[in-house]
Amino acid sequence: MKEPILELRNVRKKFKDTEVLRGIDLAAGEGEFITLLGSSGCGKTTTLRIISGLETADSGQVILEGKDVTDEVPEKRNVNTVFQNYALFPHMNVGANVGYGLKIRGKKKPEIQKAVKEALELCKLPGFEDRMPSEMSGGQRQRVAIARAIVNRPKVLLLDEPLGALDLQLRRQMQIELKRLQKQLGITFIYITHDQEEALNMSDRIAVMKNGVFQQIGTPSEIYDHPKNSYVASFVGSANILRGTAAYRDGALFLSYAGGEAPVTAEKDPPAEGAPIAVAVRSEYIEFLSGESAGIPAVVREKSFSAGMLRIALSLSNGDEIVASRHGIDSSLSPGDHVVFTFPGERAVTVEDRDEE
Amino acid sequence: MKNKNVRLLRRERGANAVLLGPMYLFTVIFLVGPFVYMIVLSFLSRAETWGVVNEFTLRNYLKIFEPTYLSTFWESIKLAFLVTALVILAGYPFGYFMAKLPAKWRGPVLMLVTIPFWTSSLMRLYGWIVIFRANGLLDKFLMALRLSGEPLKLLYTYPAVVVGMIYALLPFMILSVYSSVEKMDWTLVEAARDLGAGPVKAFFTVTLKCTMPGLMTGVILTFVPSMALFFIADILGGNKIALIGNVIQDQLMKVHDWPFAAALSVILMLMTTLMIFLYRKITGSKDVEGIV
Amino acid sequence: MKRKPVFSTVYLILGLLMMYLPIVIVMVYSFNQSKISSVWDGFSLKWYAELFKDRAFGSALVNSLILGGLSSLFAAVIGTMGAIGTARASLRGKGIMAYIATLPMLTPEIILGMIFLAYFSLIGLPFGMTTLVISHTAFSIPYVFMQVRARLAGLDPSFEEAARDLGAGRARSFFDITLPLILPGIVSGMLLSFAMSMDDVIVSVFVTGVKVNTLPVVIYTQLKTGVTPKVNALCTLMFFATLILVLLSALLGRIGNTKKSK
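Protein chains in written order, with the numbering used here: chain A, 15 to 371; chain B, 177 to 468; chain C, 0 to 261.
The hints are simulated quantities; they were obtained by calculation from the structure and are not laboratory data.
Note that the structure is predicted; figures quoted are calculated from it, not measured.
Among the clues, some could well be false.
Unchecked claim - Subject to a maximum C-alpha distance of 20 Å in a straight line, what follows is the list of computed EDC-like cross-link-like pairs (lysine to aspartate or glutamate): (1) Lys-131/A to Glu-191/A; (2) Lys-81/A to Asp-144/A; (3) Lys-316/B to Asp-53/C; (4) Lys-385/B to Asp-361/B; (5) Lys-223/C to Asp-433/B; (6) Lys-81/A to Glu-17/A.
Extracted from the complex, chain A is given alone in its bound form (with noise of 0.2 Å):
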């Protein structure tokens, strides 16, 4: 990677008695799409005020363009955000919202007014100047707010779950056009989710946050394929997470768990014969086998459909419950039936079972 665009070093913060953040560290390249992913509460929008200077940082240090901005207050840092109510002035119109960036930087009428209307175009709200924030929908408020943040040119754009108010379509629709975007501004993107489906489909790379700590940075395809640990396999994938102890058939690494078995691949070095281990499997490996042919055995719960996918709930002999799921809405299977499932070894991989702290 160049030099960085933005770094943030060992950033730690606590509120009250609270540890929110427990030392971060982060680097983001020069436009790079980075998305901070967790559940609420997890510290990632304390993360995202301390890199625009609404909070302070109780110690670490952040950087910016290669200057330390810790101690730099919001308004001297070439960062821009867009909030997650879009904070929209409402005593002003669309021109004056956008343009307010560039009027505070002292620019003159015409040149604010040129670029605001560039900036409406690009966030494709051609000519909406005179309108008031209050007589607009909520997806083009949210276009506002982009437009306003862009306007100034930052070197880094932090969005606050800007997706979040909007309707399913809506969302998938501005995802799009956010990702065009941002090529096209060559803007780094600190993007705030909890949504894994919108990380996925947008980041360069995407941090997984879980108790003010990251609990693995890495592209879609290496948080998803390669979780580190159970938590991020759960969180992302929402893989079934096996936790059971390791056994070796003909030199094979097995899992044995629930009164059964089943082949498993180790990600890092081979457990020890016996030791315990955990095992991430997503739902649509989970296969059902015919007769009385080695696996673990389960009893079908609960059938149900979502999202084009048979969710089919499978209850096992030691009281956990996973997950299979098929595409499609039928299966023979029903409420009560006893299954032996089993899945492929290289679809399951040992996770660590532990967070990162």
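Take the given structure of chain A and dock chains B and C to it, following the hints.
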């Protein structure tokens, strides 16, 4: 290096603290000062002719127990209870119905209630004089309808004072109840109905509880003031009805016994404080719901 | 399930009629030819004419206007700054200070009158316009304070954060964003203060002294001694003046209010 930002934050907070300056200054000099002086004054002795002697005494508080003043207190409290009860009876439904109006009517009706509230209380009082006066509008009206054979001569009677009080204090109750009812989460009532409560039971178990803060604000703004609205008792009651407010005014302006007036005021303030305290205890809220 | 709320509508209408009855009566009688207010003697504007000729009323009006203007202005400055400070500064005792500052709203006016009378005598402040302005400012501050505080509470902090983020400094973002958004609250509080001041009798009676008279004090004296229909005319005029203030205040309240009602 690391501390610079902390300092910046503190500086921003510091700048905000400067904003409090004028309010602190004004409050300390012109409110804390007077209130404290009122308390001090209530323990001082009265000079023979005019003014105050700096001698500690409990006389002013003991004087309240003299039969004349005790009965005034008793009369005032009775009137306050009566007025408050009537204000609740008339004002609660009004505020409640108002909040249940369709949104487009709520604003205008709210305006209509607020306008008399902000307009001259004297003018409204004067209107009542014209109505209540012997051979005034009310008498003429009743006699024209043959409901009454002779003038009722209601002016300078107890009922006239009660009506005047209700009239002056009703808007406070209406507005407090309104703001409470408007904020209510009606799904709670629906839930109560769903769970089998009848409309009356649902009202008493849910609606009344939820709107208690507003009702209590209304009571705070009605009960003690009704003991103090001396000019209503004065103008509509003639000199026949004396409230604590009248006694305070007389002591101040005619008898010039300021320490006694101060003691009476301290008692009234204690009552108000007690009610606010109760309000906070019961509703758990720190603010008395605004009437503004 | 949906019934026509006949009872509540009738109740509201009757209630409002009762509220306006005395006001309307005073207005009607201000146009009465007769000097006796219970006799209707035909329409006339003569009481208005007499009112305008009366010097005492004129000076009282000027006094009331000056008093209302000054006290609402001071209340606006002190109340607004106080509300912002209370919301944003961390200073010990700000809660109790805010409580004391709003106490006049909950204090019976006669007590306010008495404590100001006693206190001003104590510190030797001569009674007159100064004492009037101070006492009216005192009971006006709560109205501005509460209005502005409500505005601030309803104000999304991310507006100001967005301004900072876009490069505006502390002061700039306050004047560009926060101030315009709370301005309707300030002005509406100020107008209400003005209306309160123009209407106040009790506190004024105590602190007015002998030289300065305000309109309500003049009216009160007249009501106690003997009324000329001039007072009707005056009350009617004051009613419309207040009406305009209250309407303006409400209008302002609506304009800046970005919160949508549920």
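Going down the list of hints, with the structure as the test:
1. Restraint check: the Cα-Cα separation between Lys-131/A and Glu-191/A comes to about 18 Å, which is no more than 20 Å; the hinted pair holds.
2. At roughly 38 Å between alpha-carbon atoms, Lys-81/A and Asp-144/A are farther apart than 20 Å, so this suggested pair is violated.
3. Between the alpha carbons of Lys-316/B and Asp-53/C the distance comes to roughly 33 Å, so the proposed pair goes past 20 Å and is violated.
4. With a C-alpha separation of about 12 Å, the suggested pair Lys-385/B and Asp-361/B falls inside the 20 Å cut-off, and the hint holds.
5. In summary, the hint linking Lys-223/C to Asp-433/B is not supported, as the alpha carbons are separated by about 23 Å, beyond the 20 Å threshold.
6. This hinted pair checks out: Lys-81/A and Glu-17/A have alpha carbons roughly 12 Å apart, not beyond 20 Å.
In summary, the numbered hints that this structure violates are 2, 3, 5.
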